[in-house]
Amino acid sequence: MTMRQQLMDIYQRLFDAFGPQHWWPGQTRFEIIVGAILTQNTSWTNVARAIANLQAAGCLEPDRLHALDAAELEPLIRPAGYFRLKAKRLRNFTQWLFDEYGGALETLDAVETRRLREELLGISGIGPETADSILLYAMDRPVFVVDTYTARVAVRHGLIEPDINYEQLQYLFESNLEPDVTLFNEYHALLVRTGKDFCKPTPRCPACPLNDLPHEIHIEST
DNA sequence: GACCAGGCACATC
DNA sequence: GATGTGCATGGT
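Numbering of the first sequence is given in this note's numbering, commencing with residue 5 and proceeding in unit increments.
Careful: at least some of the hints might be erroneous.
[To be verified] Below, computed lysine to aspartate or glutamate pairings styled on EDC-like, alpha-carbon distance capped at 16 Å: (1) Lys92 x Asp73; (2) Lys92 x Glu78; (3) Lys92 x Glu76; (4) Lys200 x Asp151.
[Said to hold, decoys possible] Ranges of calculated distance between the beta carbons of each label pair, as one might list FRET restraints: (5) Tyr86 x Gln172: 23 to 29 Å; (6) Ser128 x Gln16: 36 to 42 Å; (7) Ser128 x Asp184: 28 to 34 Å; (8) Glu78 x Asn180: 39 to 45 Å; (9) Asn50 x Asp113: 43 to 49 Å; (10) Glu65 x Tyr86: 21 to 27 Å; (11) Gln172 x Thr117: 14 to 20 Å; (12) Ala21 x Gly62: 36 to 42 Å; (13) Gly131 x Ile164: 18 to 24 Å.
These are calculated hints, taken from the structure and not from any lab test. Ideal Cβ positions, reconstructed from N, Cα and C, are used throughout, including at glycine.
Turn these sequences into a full structure, and let the hints steer you where they fit.
So, in structure tokens, the structure goes:
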């Protein structure tokens, strides 16, 4: 099988097993961006509480969020963990949005994807995964989002070596799949679902949809 | 009580 | 340039 066929086979198995994941869980672009920052190394259930607090406070809009100082914002996002750090990161984003784009997310539509990615990476607190999540799920750009689950599944099934970096793993998917926002959306969501349910750091993968793939290290490797 | 969760920046060697 | 560490809450 070619790499493309392997990647599509994995996708098909996961989709057949789990069905559509309906990502991103958020109503507006700004809510998606806020969620992308808050979910850094944090489970979504915790993030959902923080977002509910922001919603209740009427602060899920760039101007309202930006108007808050740290003493007001930190308690609202406390359930998401790293709350002092993430309060700064949210503010770094809104500061950039107002400084460079007048606070209007729609103006980002005119910016070319590579350039927008570089600009996002220039914001302190936004790394590759957060930037790509924003690009794919908030900006509808065909960018493949890589995360720890992506790497874990790919390594366990022998698609890559363990020491591959973020951009290399991203390139593996982007160079072998059509640049399709819907496909990238669902694929990443399915990989996260697989990671949550089966591909734990401690390898125990009963009933994983990928169990009978031709691999040697699905269970044994890290 | 240990481990994990949809990372990232910064220090240190 | 690789490797280590702090950040923090909540579920299993």
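Each hint tested on the structure:
{"no.": "1", "hint": "Lys92 x Asp73", "verdict": "holds, 10 Å"}
{"no.": "2", "hint": "Lys92 x Glu78", "verdict": "holds, 9 Å"}
{"no.": "3", "hint": "Lys92 x Glu76", "verdict": "holds, 12 Å"}
{"no.": "4", "hint": "Lys200 x Asp151", "verdict": "holds, 12 Å"}
{"no.": "5", "hint": "Tyr86 x Gln172: 23 to 29 Å", "verdict": "holds, 27 Å"}
{"no.": "6", "hint": "Ser128 x Gln16: 36 to 42 Å", "verdict": "holds, 39 Å"}
{"no.": "7", "hint": "Ser128 x Asp184: 28 to 34 Å", "verdict": "holds, 32 Å"}
{"no.": "8", "hint": "Glu78 x Asn180: 39 to 45 Å", "verdict": "holds, 43 Å"}
{"no.": "9", "hint": "Asn50 x Asp113: 43 to 49 Å", "verdict": "violated, 31 Å"}
{"no.": "10", "hint": "Glu65 x Tyr86: 21 to 27 Å", "verdict": "holds, 23 Å"}
{"no.": "11", "hint": "Gln172 x Thr117: 14 to 20 Å", "verdict": "holds, 19 Å"}
{"no.": "12", "hint": "Ala21 x Gly62: 36 to 42 Å", "verdict": "holds, 40 Å"}
{"no.": "13", "hint": "Gly131 x Ile164: 18 to 24 Å", "verdict": "holds, 20 Å"}
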